[in-house]
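4 protein chains.
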Amino acid sequence: MDHINGSLGRKLNMALVGGGQGSFIGRVHNVAAILDNRAQLVAGALSSNPERAKASAPFYDIDPSRAYSSYTELVDTEAGLPDGERVDFVTVATPNHTHFEIAKAAVEKGFNVVCDKPMTFDLDQAEELVKLVEKSGVVFALTHNYTGYPLVRQAREMILAGELGEIQAIRSNYIQGWLRTRLEAEDQKQASWRSDPAKSGAAGGFGDIGTHAYNLARYMTGLLPEEVSCHLKSFEEGRVLDDYGHAVIRMENGGLGTVTASQISHGRENDLFIEIDGTKGALSWRQEDPNQMMVRRNGEPWQIYTRNPNAPFIGELAAASCRLPGGHPEAFFEAFANVYRFAYDNMIKRAAGESFETKDTIYPNVYDGVEGMYFIQQCVQSSKENGAWLPLKHPLARR
Amino acid sequence: MDHINGSLGRKLNMALVGGGQGSFIGRVHNVAAILDNRAQLVAGALSSNPERAKASAPFYDIDPSRAYSSYTELVDTEAGLPDGERVDFVTVATPNHTHFEIAKAAVEKGFNVVCDKPMTFDLDQAEELVKLVEKSGVVFALTHNYTGYPLVRQAREMILAGELGEIQAIRSNYIQGWLRTRLEAEDQKQASWRSDPAKSGAAGGFGDIGTHAYNLARYMTGLLPEEVSCHLKSFEEGRVLDDYGHAVIRMENGGLGTVTASQISHGRENDLFIEIDGTKGALSWRQEDPNQMMVRRNGEPWQIYTRNPNAPFIGELAAASCRLPGGHPEAFFEAFANVYRFAYDNMIKRAAGESFETKDTIYPNVYDGVEGMYFIQQCVQSSKENGAWLPLKHPLARR
Amino acid sequence: MDHINGSLGRKLNMALVGGGQGSFIGRVHNVAAILDNRAQLVAGALSSNPERAKASAPFYDIDPSRAYSSYTELVDTEAGLPDGERVDFVTVATPNHTHFEIAKAAVEKGFNVVCDKPMTFDLDQAEELVKLVEKSGVVFALTHNYTGYPLVRQAREMILAGELGEIQAIRSNYIQGWLRTRLEAEDQKQASWRSDPAKSGAAGGFGDIGTHAYNLARYMTGLLPEEVSCHLKSFEEGRVLDDYGHAVIRMENGGLGTVTASQISHGRENDLFIEIDGTKGALSWRQEDPNQMMVRRNGEPWQIYTRNPNAPFIGELAAASCRLPGGHPEAFFEAFANVYRFAYDNMIKRAAGESFETKDTIYPNVYDGVEGMYFIQQCVQSSKENGAWLPLKHPLARR
Amino acid sequence: MDHINGSLGRKLNMALVGGGQGSFIGRVHNVAAILDNRAQLVAGALSSNPERAKASAPFYDIDPSRAYSSYTELVDTEAGLPDGERVDFVTVATPNHTHFEIAKAAVEKGFNVVCDKPMTFDLDQAEELVKLVEKSGVVFALTHNYTGYPLVRQAREMILAGELGEIQAIRSNYIQGWLRTRLEAEDQKQASWRSDPAKSGAAGGFGDIGTHAYNLARYMTGLLPEEVSCHLKSFEEGRVLDDYGHAVIRMENGGLGTVTASQISHGRENDLFIEIDGTKGALSWRQEDPNQMMVRRNGEPWQIYTRNPNAPFIGELAAASCRLPGGHPEAFFEAFANVYRFAYDNMIKRAAGESFETKDTIYPNVYDGVEGMYFIQQCVQSSKENGAWLPLKHPLARR
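Residue numbers (the working numbering), protein chains in the order written: chain A, 4 to 402; chain B, 4 to 402; chain C, 4 to 402; chain D, 4 to 402.
Since the hints were derived computationally from the structure, they do not count as laboratory data. As the structure is a computational prediction, the values presented were derived from the model and not from experiment. A couple of the hints might just be wrong.
Note that identical chains are pooled: a pair holds if it fits in a single copy or bridges any two copies.
[To be verified] Mimicking DSS-like on lysine-lysine, the simulated pairs with C-alpha atoms at most 27 Å apart in a straight line are:
hint: 1; residue 1: Lys283; residue 2: Lys192
hint: 2; residue 1: Lys362; residue 2: Lys387
hint: 3; residue 1: Lys57; residue 2: Lys283
hint: 4; residue 1: Lys396; residue 2: Lys192
hint: 5; residue 1: Lys192; residue 2: Lys352
hint: 6; residue 1: Lys387; residue 2: Lys134
hint: 7; residue 1: Lys14; residue 2: Lys57
hint: 8; residue 1: Lys57; residue 2: Lys202
hint: 9; residue 1: Lys107; residue 2: Lys362
hint: 10; residue 1: Lys14; residue 2: Lys107
hint: 11; residue 1: Lys396; residue 2: Lys362
hint: 12; residue 1: Lys396; residue 2: Lys107
hint: 13; residue 1: Lys192; residue 2: Lys112
Let the hints inform the model, and build the full structure from the sequences given.
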């Protein structure tokens, strides 16, 4: 369990962009960011509507003086505040099409950034953002929050250590049902912007949740992709963007991966599920039951790893990602908070002038964001070309 | 529960081809065929090795006089026996490459046939077999045994009745791990012929279990395919045929299906698992836990249908496919026996000179066999052509 | 997989008493007894109603000449038939109150017996039956059929071998819901006699299923009981016998056990579930999911043992109790058949004049029947005495 | 989702007693209390050791000036501070034997109290505390935290509304394995005081977790107990208090309940599991899988209620107890926070001079604490008297 940040001697100051009334994800960022008592939310530009931005401030307990009308006002004003008072990082929790401009503004002013995924509207923006981040040297975390689950990290550690041997097959699925009906036509806030190409980007469900499934596979295995063949569908009549999609991925090492994303599967809530086959063992994990992971090896009883930080079979990173003993379930908020937790470590190093890892980080970062945008772009394009194989390995991808 | 066959006034006489010592599936056929006391195993050509054929007879309690040295001897001799003594049907439980010649011989002599899948070595044989069966008018059942599970039939009934609305997505998976190591190199009987293209056919795992997964999807939904894109892999070094494969299928109605088959997933035993998404509901079923089926609809609690023949929510066909009350689990043998059970009904009709359904049967039939062989052929070809889309709707497919 | 019985050189001949039309368990005995092709059903006294007894014969494919009007006629006539033609064993599948007289008649004529549980109407009869069996030297098997599941036997082997250490706590539960309404008032056949003290015996649900739960605990652990405190309830208005009960058991070694039996739990089908805690490990098993068993040890991932006869972690007895490879689920019939299978081995030994184990048998026997009747008697009495502690260790109990 | 407290116009001020370095539960209280941004931790007496109390303050971000050396100093000093600055409530997170004195001190000074369970060391203290709370009029919440799970509240609402009919049977189990070895002998902090009768109270495991299981049954059903028969065991050699126990409870309405608590079951982490049988339906819920609840009714498919605040089948209270949409799992912290959340509502009412419910509260309260202590006392006494039936309905019990 962490506490107020040692070397800084104070909490980190957070600004939130987006998250105004009716937002789901803004509040999640807030809870996650302060769960370990290492940060405090002190400023915000909570809505693109200036009045709503102001009105939402009390909800987050943000002082009216720091409830800004726009993200530009926020970064400009905060940049002028003294160190320690000034925000240390800006969380971007807005619809996809605005991520880039906000992140850019923050990065250019030297603020660390925590950004929702997909990172930008398109690949160009993503690649541009890498340059900006590299130039400014800020900490940039991308909330592929499912990487924060302790057992996901356990899987990553086990696989990178070779416990499953060579990875040959990956099946990553993200199955939801909430867009089975055209909620967007009913003006449901979450559904509306996600179904609008001008706000969501080139992909719908595949951008929203397919990227999570892809990122999870990449994060857990470290395997690089070679090329992708993709098929996107819009099953719900009148919907412009995809609500169902499937990608086949050839991995650099000869392995085969599949990513399936659905938003139209009745009754399915948030069923991110992955199975990984290696030459020495296999594992599977399900987000809705995150405190258990199945590990199988021929000739042995199946093994269920429980999220138990004190168990000898749980690795260091996974244990450090837990807040509660085994059997006291942890869940979505804690996983989300784990993205923050490890980004904070680097923010503190940066503040102290120390060097820190920027590419092979525990938390998803700007490079993962590029990969995600490339994944979306190539999937959409492949689907347009009848499932043609398109390259998927981006030069900026982390290995 | 059935009993000795009413209109015949006697049990049906069964002959078994294949199933000699060391066989797994021969014994399964035997148990399944007699489970309801409606048939008796009276003759056999139990091995392609004449001596072994004879030696295996006591194991099945077959009288030495009807333990034939070859299937040709069997059909020739039996054809000359009087009605009632003569075998009524021939079960073909041999390696794939011999199915056709044996089935052909039996059909031409007017014997009903129960045949293992994949039905033949290639599509030509399959199409030829259809002609022979149509000409002879025999009953032909194909042991896609998983269609015999009561809840699979429950799913079929519900879907065909429109309870799930239009079916738009299907994910059918068959995951095993037993060929993770090259058992074929150790001369393991099951593994050897399955890994030999001269015996197994053009596909390995995709022919062996991928066809089951495909057939299950077809059987449950009745949806016709349009075209397929497939990717086969041989992960185990030195293996000639595929041990992992994945097919994407465009359905005639615009739906999207996927079929995944693995034989190299550590610890997975026989994990046939299907998920089906319709506009009004979704369901999922797993062969290793066959007495439960999940049905989901947005806005309602998830529903678990149990295999309970007395429950009001269980349909007529599924109830008629049960032998035990709810909670008294049924499993593999009973499902297998259900293929026989409903084929027997038609054999009796035929013996009585009555007409009977030949295409849209409860049990898989020769047309399903054609579909299976077409599936294998097009998948193998598509995989060779880098996943090119190839037609998959065969003119003989049952609708 | 077994076959026709080696030393005998023929199948065993079976007679069935009870099992007339409408019977559930008679058919189960029939299927189970012949599943391995080692026995054939040749004679029966299928109902206490002579006409119905005759009329039920075709259902079982019994020749009219051996479809007897009564069990007395059956044992008298069969006793006069020559060896090899004469029945080898009599299966008793009648309501509880008639078990004793039928078993007695069969035993006294030297027939082996397979008898439903609870073994007799009361303890006196049970103790008397032991004497008769010991005197006659017949094989006597009691169909506590759940002991036939391979993983139950795996558990027994592991526990007796000390793999879980000293057993200290047992929680055995058998939860059903079918008597939630007073089916007996609607003349439902199964419900009627089970709810009638003149036919069922002193206990209702506790005799019917509580004894299974108790027997399972005894079978798996071998632990002897010391004393019992019991509480029986009749929740359904107007019901004479118990439909819910709970017993606390002090084990001889200081351990504590509980047995819970319910017939009034909505939606529960046949949920026999046991958890066993030892000093070195713990396990749990559920009848409705019989192909998996959970084994847990502190500091290790949970282990799921699958019913896989080829797996190195599956013991000899459990493997010998399987008929199918892992992942091809086995269920109720096969477990039931396993009681027969191992009784057959002894019947053959007896026929060959060889000695055989009579007390510590793999299958439940006449001594287990005594224990069951003692359990019922003491539970009913304890419940009448407000849960008073009463002795439970019977001198005839197997250790 | 809540926010800064409307009528107060500010966050509530929290003081924490206990929770010093090495504490698990102190941190849980902290996270839970501030999760909704409605409170802030401003003062503490974090250890009974004054130095450690001071040293622990930075961990909680408590200003040194309000890091008190003792709880007496805390309540005395804080009582003198002006309203709004003064703490609004005191959380008691110390070993059991000190709860009473601390709660008493806080209550007498007019502070609201949130107290760990078991509430006091013995029943006398608990009854005394009721008087003090009633006299002072403070809000008193007891952290039987499992009542905070949304689906537990869903169950309560459904049962109290009669959806399951009359409740007749309850099986509540709390199974752990962490005290399988004598951790107390190794000076493990959690184990040491829990195993010491002078600190834990009359019961060990039954006081620690048996009371949770009992409280859960009471909370979910509202059924009053009549009398109890209990059996406690200390399986681990040398342990003074119970590590395994079982209680049979006769309910006032004629129903039968059982409570089982184990700390010696290998591999079990925190497995609180309850099954409830009513005349119209049954339900079950498991703490380690808290986002699902099974509801069963004869003749209907089993139903799985998911924790989905937007689903029509989820009641108002349960929905108000959620922070995330369905499929985004919530867990231990959120349930714990729900105890605080609803206590805060009353604290605000009290601060505003409004009347508020004190007995039939959504959160467990001082009367539940009395019930818990009575349960412990009677169970321990019954066990000493060989399981004698002792009264269990306390006059102060909430109905």
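| request: Check each numbered hint from earlier against the structure, then list the numbers of those it violates in ascending order. | output: Of the numbered hints, 2, 3, 4, 5, 6, 13 do not hold.
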